[in-house]
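**Q** Sequence:
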Amino acid sequence: MLLKKNIPIRYIFGKIKYEVMFVTVYGIAIEVIYQNYHITNISIPMTVHSVLGTIISLLLAFRSNQAYDRWWEARIIWGAIVNDSRTFARQILSLMEDPLDPDRIDGFKKRMIKRQIAWCYALGKGLRRDDPMPMISKFVSEEEMEYLKDFDNKHVGLVQLHARDLNNALKQGWLNPYQQVELDQTLTRLCDHMGKSERIKNTVFPSTYSLYIHLALHFFILLLPFGLVQLFGFLMVPVLVVITACFFLIEKMAIHLQDPFENKPTDTPVLSISRNIERDLKQMMKDKHVPQAFQPETFYIL
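So for the sequence shown, the numbering used here puts the first residue at 2; every next one is plus one.
Worth flagging that the hints you see were computed from the coordinates, not collected in a lab.
Just so you know, these numbers come straight off a predicted model, no measurement behind them.
Hints should not be assumed to be uniformly reliable.
[Unchecked claim] The list that follows gives simulated cross-link-like pairs (lysine to aspartate or glutamate, DMTMM-like), each with its CA atoms no further than 20 Å apart: (1) 287 to 99; (2) 202 to 268; (3) 115 to 185; (4) 197 to 85; (5) 197 to 99; (6) 283 to 107; (7) 202 to 183; (8) 172 to 99; (9) 202 to 153; (10) 202 to 144.
Assemble the whole structure, with the sequences as input and the hints as a guide.
**A** Spelled out as structure tokens, the structure:
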């Protein structure tokens, strides 16, 4: 994911440079034939192009909306992952207690929270078809790394480790049954977010729908010079390039937005979001003295 406030113009028009080059050469050829050979019967009334352009515009608008819905849903899911990751860390830090062995429970809490950080990175890398093992090795033990080798989806294995440790915490008495249920519900929501992300990743946008729009768009562009040549004369070529560039850019925009986990400048910034989660959860793990205003002994019952 290229994190930029503004996408470079070179990147935008670089996606349609070959199409623009073809349209330019094609428009010049039509203009030369029309002006030099005076073949006036190649002109087509603009009414035809108006009807075709309106139909294609509606189809492109519908496709763009559907693609944006996929992108926005992915962003909503990862926003929920941020919230539930913070909730999971807060519950781990506040609900688990062991007065007899505080050092042991502190180590257990840190291991759970670090594993949640690893889960976020593993899910983000998995959605992009990258190997998450180098990234998550900083947050989990060698024993857990060995356990994850049996999983094709490493994030699934990390959730399983979460569930196992929560069950052990209940047996050790670090959690009561009600607290364990609350933590399990948070874990269930994380599993839901994981499944929803995978659904978007694995559901292919209908290829036939894309193909039909693509063919109709090219047919419209092939006919367009015959309607513009009589109206604009020598200015037909730049007008043709501007109109076709707009249509091609809208089509490319829809293509990029429909796959929000493909590591493109327009996708959902899963790794950037994971780094923010890592920062927040590490800050939550730090031992800090409770401010004096919140010490229990400063409250009085009247």
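**Q** Compare the structure with each hint and give your call.
**A** Cross-check of the supplied hints:
no.	hint	verdict
1	287 to 99	holds (18 Å)
2	202 to 268	holds (12 Å)
3	115 to 185	holds (17 Å)
4	197 to 85	holds (15 Å)
5	197 to 99	violated (36 Å)
6	283 to 107	holds (13 Å)
7	202 to 183	violated (29 Å)
8	172 to 99	holds (12 Å)
9	202 to 153	holds (16 Å)
10	202 to 144	violated (30 Å)
Hints 5, 7, 10 from the earlier list are contradicted by this structure; the remaining hints agree with it.
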